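Protein chains: 2
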Amino acid sequence: MIEKLIAKIEEKKAPIVVGLDPALSMVPPHILDEAVSRHGESLEAAGEALFEFNKSIVDATCDLIPAVKPQSAMYERYGLPGLMAYKKTIDYCHEKGLIVIADIKRGDIGSTSQAYADGHLGTVHIGSKEFAPFDADFATVNPYLGSDGVKPFVEVAKAHDKGLFVLTKTSNPSSGEFQDRMLAEDDKLAGMPVSGASVYAGRLSNEAEDVRKPLYEYVAQMVNIWGQESLHGDYSDIGAVVGATYPEVGLRLRKVMKKAYILVPGYGAQGGKGKDLKAFFNSDGLGAIVNSSRGIIAAWQNEKYRDTYGEKDFAEASRRAVLDMKADIASSVGL
Amino acid sequence: MIEKLIAKIEEKKAPIVVGLDPALSMVPPHILDEAVSRHGESLEAAGEALFEFNKSIVDATCDLIPAVKPQSAMYERYGLPGLMAYKKTIDYCHEKGLIVIADIKRGDIGSTSQAYADGHLGTVHIGSKEFAPFDADFATVNPYLGSDGVKPFVEVAKAHDKGLFVLTKTSNPSSGEFQDRMLAEDDKLAGMPVSGASVYAGRLSNEAEDVRKPLYEYVAQMVNIWGQESLHGDYSDIGAVVGATYPEVGLRLRKVMKKAYILVPGYGAQGGKGKDLKAFFNSDGLGAIVNSSRGIIAAWQNEKYRDTYGEKDFAEASRRAVLDMKADIASSVGL
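Protein chains in written order, with our numbering: chain A, 160 to 494; chain B, 160 to 494.
Because the hints were derived from the structure by calculation, they are not lab data. The model shown is predicted, which means the values in this text are computed figures rather than measured ones. Check the hints yourself; a few may be wrong.
Same chains, same names: a pair is fine if it fits in one copy or spans any two.
Straight-line Cα separation of at most 27 Å, DSS-like style, residue types lysine-lysine; simulated pairs [said to hold, decoys possible]:
(1) Lys418 / Lys471
(2) Lys288 / Lys471
(3) Lys437 / Lys247
(4) Lys485 / Lys417
(5) Lys255 / Lys485
(6) Lys288 / Lys247
(7) Lys214 / Lys288
(8) Lys432 / Lys172
(9) Lys288 / Lys246
(10) Lys417 / Lys310
Work out the full structure: start from the sequences and follow the hints.
Written out as structure tokens, the structure is:
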């Protein structure tokens, strides 16, 4: 799957993903009013409004971008009708030729991660029939449970030609509380008090001499291991999430994970700047894809665009914001 | 909310939660056949079969137990119809007077965690109306993103009288890969390379002299901090997940998190034994609630029960398994 994403990035000349993370507060009143007129003030109205909002933005931007990243939380917030909008959004983006990165940040014990992977990336069998319930192309995965929480996703991705981005260093202000903690120098096998020692011994023993590093760097090393059998050319289907808000970390992890594509959230509304993005890319101009959510989909509310675009032109404002983001990244990264 | 859970535990004399984590392979054929006869071989049939299976087990066990823990993955596996079964299961368990712990293991950047918390524990406003989309009583939360990923859940729990269990040391074999890593002794503020330092400085400075400990113990200390404003009597609405499979860790974390209720997965099918559970309880016989999923809901397939209970009596087998679990815990923990 990663080679398909790269081909689309090259075709569109845009290492950009639009985060479809809508909130009702971003939806122009005429769209919500229309939905309420059909469904009353209800979760169904909210779900329909989110989908119609997404659809207009996708229509206005799909020729410019390779991929979208719907954030499952924004749909779960509105219960089943919200999740219906989530599924319709995935299907509509596929119709428009876009790659869909499901930002679900799931991760659980093995048999449970298997169920998430089946549902979001893979298929299930019911009697003689096979279904792909959500059918995203990539999913984000939380690594806190270790290899047996991640590997079912890796295996399902391999079987169905899909991919992952594993949370490594997230873009939020408090991501360092746990992810930046420095690990003890003598934390080799003896330092692993209960579990995980055997996995660790088997997989990372070559690195045992080089132990003092932040937790996120260990996660990055595991991303390399998890992805080593999923290579397509220079890159693996198993990538990583590293926030635009921490460019020094990006520079370091770009070197640690040579084969991992990096999904970079935090550009724009969260504070990540174009000039900081170069750190995340390889010299071939590949290796990273930058997400903007609010910066694109709520552009019509941004003072930069709101004098030019009214609420009826919200999708055109999003298109303008994509073009501006593309130019910012091209000039900063040197594409 | 924690005081309600404790009252139910005391009323039923059972610190037990039944994990409603159904797979189609556990559902007796007559239930699946009935669903397929109505909906064909479809995701709808799968969803209906999961709900009917759950309903029978809840009917057969609800007088014995205080709470259930549906695992969202098992429902997401079957897409929207699966999630419809998830929501119907929550509502049905509430009708039967059970407390519902949503095992969703969500966790994201602040604004996104807010959306998850609103949807799963809180409410949303649409025009003049307010809805509680999933309306669980507790949710499990993944701490990898740090305080700003957890606090929206804490605040929503406070506003709506709900609770959390934060993943601290999970029950799976590879949980130690990251959770057990020993942190460096000199990892005080200078050791926090980029972010999180200010949060850490403000919140944990009293503990700065005592730094060398595994990551899960830092998470446990943060659980104390996150829960300090949510106390009801001896316990906080903000609890922790610690796996039955690591009783030494349970013994340690029981002392570290004096006010946190511990949700203990991993009993039974995952290998946790009754005799190991004492570590997780306080001397008042409270402080922990033990989950069993497959051990209860798939009891009819277990060699211990399958000669006595046929596939039509699967719910009675689950009832027997709850009674056996209750006796095992009572004798081990000394309740």
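Between copies, within a copy, both or neither: which fits Lys214 and Lys288 at Cα up to 27 Å?
Intra 30 Å, inter 26 Å, cutoff 27 Å: inter-copy only.
I want to check one pair: Lys417 and Lys310. Are their C-alpha atoms no more than 27 Å apart within a copy, between two copies, both, or neither?
Within one copy only: 20 Å inside, 34 Å across.
Pop the pair Lys288 and Lys246 into one bin, within, between, both or neither, using alpha-carbon distances up to 27 Å.
Result: close both inside a copy and across copies, 20 Å intra and 25 Å inter.
Quick one: Lys288 to Lys471, C-alpha cut-off 27 Å, is that within a copy, between copies, both, or neither?
Between copies only: 25 Å across chains, 44 Å inside a chain, cut-off 27 Å.
When no copy is named, should Lys288 and Lys247 be tagged within, between, both, or neither for a Cα gap of at most 27 Å?
both (22 Å within a copy, 25 Å between copies)
Between the shortest in-copy and the shortest cross-copy C-alpha distance, which are at most 27 Å for Lys255 and Lys485: within, between, both, or neither?
within (20 Å within a copy, 55 Å between copies)
Are the CA atoms of Lys418 and Lys471 at most 27 Å apart within a copy, between copies, both, or neither?
Neither way: Lys418 and Lys471 sit 43 Å apart in one copy and 52 Å across, limit 27 Å.
Classify it for me, Lys437 with Lys247: is the Cα-Cα distance of at most 27 Å met within a copy, between copies, both or neither?
neither (35 Å within a copy, 48 Å between copies)
Can you tell me if Lys432 and Lys172 fall within 27 Å by alpha carbon in one copy, between copies, both or neither?
Answer is within: at 19 Å inside a copy they meet the 27 Å cutoff, but 57 Å across does not.
Check Lys485 against Lys417 for me: Cα-Cα at most 27 Å, and say if that holds within a copy, between copies, both or neither.
The answer is within: 24 Å in one copy meets 27 Å, while 52 Å across copies does not.
The structure fails to meet hints 1, 3 from the earlier list, while all remaining hints are met.
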